[in-house]
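Visitor: So you can see what is in the structure, the chains are spelled out below.
2 protein chains.
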Amino acid sequence: MQEFIQAAQSMLIFANHFNSNVFHLICLMEKDRVFLCRALEIAVQGVNEGGGPFGALIAKDGRIIAESWNNVVLSADPTAHAEINAIRKACEILGTHDLADCILYSSCEPCPMCLGAVYWAGIKKVVYAFDRKEAEKAGFSDKFIYDEIMLEPSSRHVRFLHIPGCCNGPDPFRKWNENENKIPY
Amino acid sequence: MQEFIQAAQSMLIFANHFNSNVFHLICLMEKDRVFLCRALEIAVQGVNEGGGPFGALIAKDGRIIAESWNNVVLSADPTAHAEINAIRKACEILGTHDLADCILYSSCEPCPMCLGAVYWAGIKKVVYAFDRKEAEKAGFSDKFIYDEIMLEPSSRHVRFLHIPGCCNGPDPFRKWNENENKIPY
Chain W
12 MQEFIQAAQS MLIFANHFNS NVFHLICLME KDRVFLCRAL EIAVQGVNEG GGPFGALIAK
72 DGRIIAESWN NVVLSADPTA HAEINAIRKA CEILGTHDLA DCILYSSCEP CPMCLGAVYW
132 AGIKKVVYAF DRKEAEKAGF SDKFIYDEIM LEPSSRHVRF LHIPGCCNGP DPFRKWNENE
192 NKIPY
Chain V
12 MQEFIQAAQS MLIFANHFNS NVFHLICLME KDRVFLCRAL EIAVQGVNEG GGPFGALIAK
72 DGRIIAESWN NVVLSADPTA HAEINAIRKA CEILGTHDLA DCILYSSCEP CPMCLGAVYW
132 AGIKKVVYAF DRKEAEKAGF SDKFIYDEIM LEPSSRHVRF LHIPGCCNGP DPFRKWNENE
192 NKIPY
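Protein sequence lines, in the order shown, are assigned to chains W and V.
Taking the numbering used here, I'd label the letters of the first sequence as residues 12 to 196.
Taking the numbering used here, I'd label the letters of the second sequence as residues 12 to 196.
Here chain W stands alone, though its shape is the one from the complex (with noise of 0.2 Å):
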């Protein structure tokens, strides 16, 4: 009887523990839906103010710290994308360049510049509603950018040429490894 007892007692420790987690997953699941739909409504409302179509945010400890819509057009800036935007607000918030805490919430999938831009913030989560081919079929030329990067530089439809040794003059990468003082990143 004594482990019988003792049986049913570890089986509902289990249970609990179990129901736990996959209580704390649909939770993350359900926060990751929130955040998202609200990046769509920031889409919306970018439209609506004359921006681009794409919303994003970035979230800390389940709290979203930086928002931002596409605002090419506007402030003439290419680089004005609204993932690109959000990532710069949420670093002059912090003072920091590190995102690595951070998840990234963008109502289409982050264009090879942004998805760059993710990587050197560090950031290690990402959660997006539309992908590059819906975004070409409104328009926009995410799919070209990623079919041109995957080519050599001297094949793509932008012309890279590539000069070694122009000037045989400055070599910014021996002077970087020189300097006792800099700040990898």
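Watch out, some of these pointers could steer you wrong.
No distinction is drawn between identical chains; accordingly, a pair holds when it is met within one copy or between any pair of copies.
Unchecked claim - Capping the alpha-carbon separation at 27 Å, the derived lysine-lysine pairs in DSSO-like fashion look like this:
#1 Lys193 <-> Lys148
#2 Lys193 <-> Lys100
#3 Lys136 <-> Lys154
#4 Lys193 <-> Lys144
#5 Lys186 <-> Lys154
#6 Lys100 <-> Lys71
#7 Lys100 <-> Lys135
#8 Lys154 <-> Lys144
#9 Lys186 <-> Lys100
#10 Lys42 <-> Lys144
#11 Lys135 <-> Lys193
#12 Lys100 <-> Lys136
#13 Lys135 <-> Lys154
#14 Lys42 <-> Lys186
#15 Lys193 <-> Lys154
#16 Lys71 <-> Lys135
#17 Lys144 <-> Lys186
#18 Lys42 <-> Lys135
#19 Lys42 <-> Lys136
Keep in mind the hints are simulated off the structure, nothing from the lab.
Every value quoted in this text rests on a predicted model; they were computed, and no experiment measured them.
Got chain W sorted already, so can you dock chain V onto it with the hints?
Guide: Chain V alone, transformed into the frame defined by chain W:
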């Protein structure tokens, strides 16, 4: 005799035209080298000022209109690469997001983020000295990000979570297509 003179004149005109084109080509190549050396100088200057070892400039009609080095750490902005900074400066000066008539000179092959910015800015030519492998040897992730971007989103080191139709709600692309006042970019 008349025919001989005409043929000689035609050959002379062709030779002059040919020489002029070759001369023009040599001048162009020389200008590429001069501007690229300047980008390398800017990169070295950047290291001296506490920046990263990357320099870039934007030229239009044979003149430099914007220069910058990488100041990610100093400005606490992971997007503050030399190329992005130079593109943003040039756009501010020209008052447009479109740099179709401009050339980017960069000390190093642009990373995926900066390559994306080149395409979004409509730049048609990029000249660079070092490449992604040399950047890797100096401790920078350019090659790693190029390798990551080639993978399916779900296979990357950064977790890319695609949730299509997440809230049956706002559709920014439909909103964009329906907007008669939109300015395509």
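Visitor: Quick one: Lys135 to Lys154, C-alpha cut-off 27 Å, is that within a copy, between copies, both, or neither?
Guide: Classified as both; 23 Å inside a copy, 18 Å across copies.
Visitor: Is the C-alpha distance from Lys100 to Lys135 at most 27 Å within one copy, between copies, in both cases, or in neither?
Guide: For Lys100 and Lys135, the Cα distance is within 27 Å only inside one copy (18 Å; across copies 30 Å).
Visitor: Is it within, between, both, or neither for Lys193 and Lys148, if the alpha carbons may be no more than 27 Å apart?
Guide: Between copies only: 16 Å across, 45 Å inside.
Visitor: Check Lys154 against Lys144 for me: Cα-Cα at most 27 Å, and say if that holds within a copy, between copies, both or neither.
Guide: Cα proximity of Lys154 and Lys144: in one copy and across copies (6 Å, 25 Å).
Visitor: Could you figure out if Lys193 and Lys100 sit no more than 27 Å apart (CA to CA) within one copy, between two copies, both or neither?
Guide: Both: 25 Å inside a chain and 25 Å across chains, each within 27 Å.
Visitor: At most 27 Å between CA atoms: does that hold for Lys71 and Lys135 within a copy, between copies, both, or neither?
Guide: Only inside one copy: Lys71 and Lys135 sit 12 Å apart there, 38 Å across copies, limit 27 Å.
Visitor: Measure nothing new, just compare the shortest in-copy and cross-copy C-alpha distances for Lys42 and Lys136 to 27 Å and report within, between, both or neither.
Guide: within (13 Å within a copy, 43 Å between copies)
Visitor: Between Lys136 and Lys154, at a C-alpha cutoff of 27 Å, which is it: within one copy, between copies, both, or neither?
Guide: both (21 Å within a copy, 20 Å between copies)
Visitor: What label fits Lys42 with Lys135 when the C-alpha limit is 27 Å: within, between, both, or neither?
Guide: within (16 Å within a copy, 42 Å between copies)
Visitor: 27 Å Cα cut-off: does Lys100 pair with Lys71 within a copy, between copies, both or neither?
Guide: within (13 Å within a copy, 31 Å between copies)
Visitor: At 27 Å max between alpha carbons, let me know whether Lys193 reaches Lys154 within a copy, between copies, both or neither.
Guide: Classified as between: cross-chain Cα gap 21 Å, same-chain 37 Å, threshold 27 Å.
Visitor: Check Lys193 against Lys144 for me: Cα-Cα at most 27 Å, and say if that holds within a copy, between copies, both or neither.
Guide: between (42 Å within a copy, 21 Å between copies)
Going through the hint list in order, the structure satisfies each hint without exception.
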